[in-house]
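Protein chains: 2
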Amino acid sequence: MLKPLVVIALGGNAMIRGKQKGTIEEQIENVTETAKQIMKVIPKWRIVITHGNGPQVGNLMLQMEAGSHSPFNRPILPMDVCGSMTQGQIGYLIQNILGNLLVTEGPPSRLDSSKKIKVATIITQVVVSKDDPAFQNPTKPVGPFYNEDQVDRIKKDHPDFTIIEDAGRGYRRVVPSPDPIEIYEKDQVNDLLEAGFILIASGGGGIPVVENLDGTVTGVEAVIDKDLAGERLAIDTKAEAFAILTDTDKVYLNYKTPQQKGVDRMTVTEVEKHLKEGAFGDKLKGSMGPKLRAAIRFLKDGGKKVVITTPELAAAALDGDAGTTIVP
Amino acid sequence: MLKPLVVIALGGNAMIRGKQKGTIEEQIENVTETAKQIMKVIPKWRIVITHGNGPQVGNLMLQMEAGSHSPFNRPILPMDVCGSMTQGQIGYLIQNILGNLLVTEGPPSRLDSSKKIKVATIITQVVVSKDDPAFQNPTKPVGPFYNEDQVDRIKKDHPDFTIIEDAGRGYRRVVPSPDPIEIYEKDQVNDLLEAGFILIASGGGGIPVVENLDGTVTGVEAVIDKDLAGERLAIDTKAEAFAILTDTDKVYLNYKTPQQKGVDRMTVTEVEKHLKEGAFGDKLKGSMGPKLRAAIRFLKDGGKKVVITTPELAAAALDGDAGTTIVP
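Protein chains in written order, with this note's numbering: chain A, 41 to 368; chain B, 41 to 368.
No lab work stands behind these hints: they were computed from the structure.
Heads up, some of the hints might be wrong.
Since the list gives no way to pick out one identical chain from another, each pair is judged satisfied if it fits inside one copy or across any two copies.
[Stated by the list, open to error] In the DSSO-like style, the derived pairs of lysine-lysine whose C-alpha atoms are separated by at most 30 angstroms in a straight line are:
no., residue 1, residue 2
1, K59, K170
2, K301, K226
3, K226, K76
4, K195, K61
A quick note: this is a predicted structure, and the numbers were derived from the prediction, not measured.
Turn these sequences into a full structure, and let the hints guide you.
Encoded structure:
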């Protein structure tokens, strides 16, 4: 019998942590730690991995900005292309490092017991709607902070940019964060899953594309939330579980207050009630909100369980022995 | 019956031409032209696409260099990682543009006639030998030209770099160009081919990795010739034909001399004889030499035919009606 399928969404800290700049040494060390934890999940689950790309794409956009001036004068590429480049970058690092662990410690492939399980990275476009209200209201900050002087030049060089003031920290470009509708390469992902590979797909929330009237798709300058894209990936691959890995061992009520209390298990109804009452605490708003919304959506779309925990506790959480489990 | 398989190797000019800088508009226009030509090959052939990445990886390395100084201070990533980023970039562009042409004009998928053929990009590592003599003798120029002042700083910042003087044009880093041994993700490529997809793989000659004693692989700073890597890809996918697309309609004897003469058809023995006698002319040495060596290797490894021509003539050349055909 086939093992059940889990989509694992890795947060940015799986690759570049806290104050790190993202040198290759840092990224290899962090990905190695994360890959070791994923190895513990393999005995009981088939796996699709998705991941954030915030620090990587931020570095790349800065590098392109730096390289656009004299004496370099190289063209800045749009955000959809930058996204594709970080999918290649992070996909390669995970595929190489996890692939190496599979060579030395992995189980044999399901289809050919003389071979080990292998990893594949699929460059992935994610369809969003042209009519998504996010396109009228860009909110996702991307790229570098600018000071007063720089922002005037940026506005002149890029009249299409929306720039906002980030209190005390300078000015920053914001882009739309539309809702993901469909993993455009889902057939490719499912085919490789069927054949027994571990897949890396839809990195950085996927390359956002809008569908045209003739069915073709066109890249847009936007950023899709990686957990919401991971939810689409989980539905489009018929995954049983969706594991959202982050830097906290479980979801907390009244986070970072004296009344803080970890939650082992919740239903969708309980999550919705807590969200409505603001019971998770303001501190959680930035990072946990989208995760909980992705969790609710997965379970309403037919998924069986969501776990939210750290990479270290992922295998135990999928067994119900750690982290927060959310069920329909 | 299955259509025969062709590996198509696209030269750099399929994406960025001549004096172009590589803006997104230029790349989209060029890839669109190339994709239209690939559409003509589809009725008779299953297809794997590989491609160069010279201009793209050159831009990226310049951008990383530019972004490594104050006020940006972002880390420079090694060449294997840069290669993976350009695989994502170019893979996305081809996959999006060719995928769109397939949506509007493509034939139905072999396995599900209600669907169109789709495209997939696989991030690809290519195994080279640790003992390849190229590692003792780096020859492939990469990245920017440096002047006298810059080169001193570069040598200080990167004591591991080999820098050569390029007469009259300044100084430049050179890296090893080892021989490709195996497409590491060949199972992933073959699985998707089997299912009826058009594959993009091993871009930029693949991400060069050396195999360690325990069977794991480690990225190295090197560049694999994209036609030689394409040859490996053709063998590892059991392709019948290998099409090397470039900016000349066929191979010429005494190229750019009054005795210039186009060749319609040659055997391996004839190519070897001409190469030995220098009959292709010195002008051809830089670009055609590696293509002819890749062609000879493919046919000696069991391939049935190689065509060398432009993207515009690719379909006709595969029919034997244009370009240069080389046979065993």
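Hints, one by one, checked against the model:
no. : hint           : verdict
1   : K59 with K170  : neither (36 angstroms within a copy, 35 angstroms between copies)
2   : K301 with K226 : neither (38 angstroms within a copy, 49 angstroms between copies)
3   : K226 with K76  : both (27 angstroms within a copy, 24 angstroms between copies)
4   : K195 with K61  : both (27 angstroms within a copy, 23 angstroms between copies)
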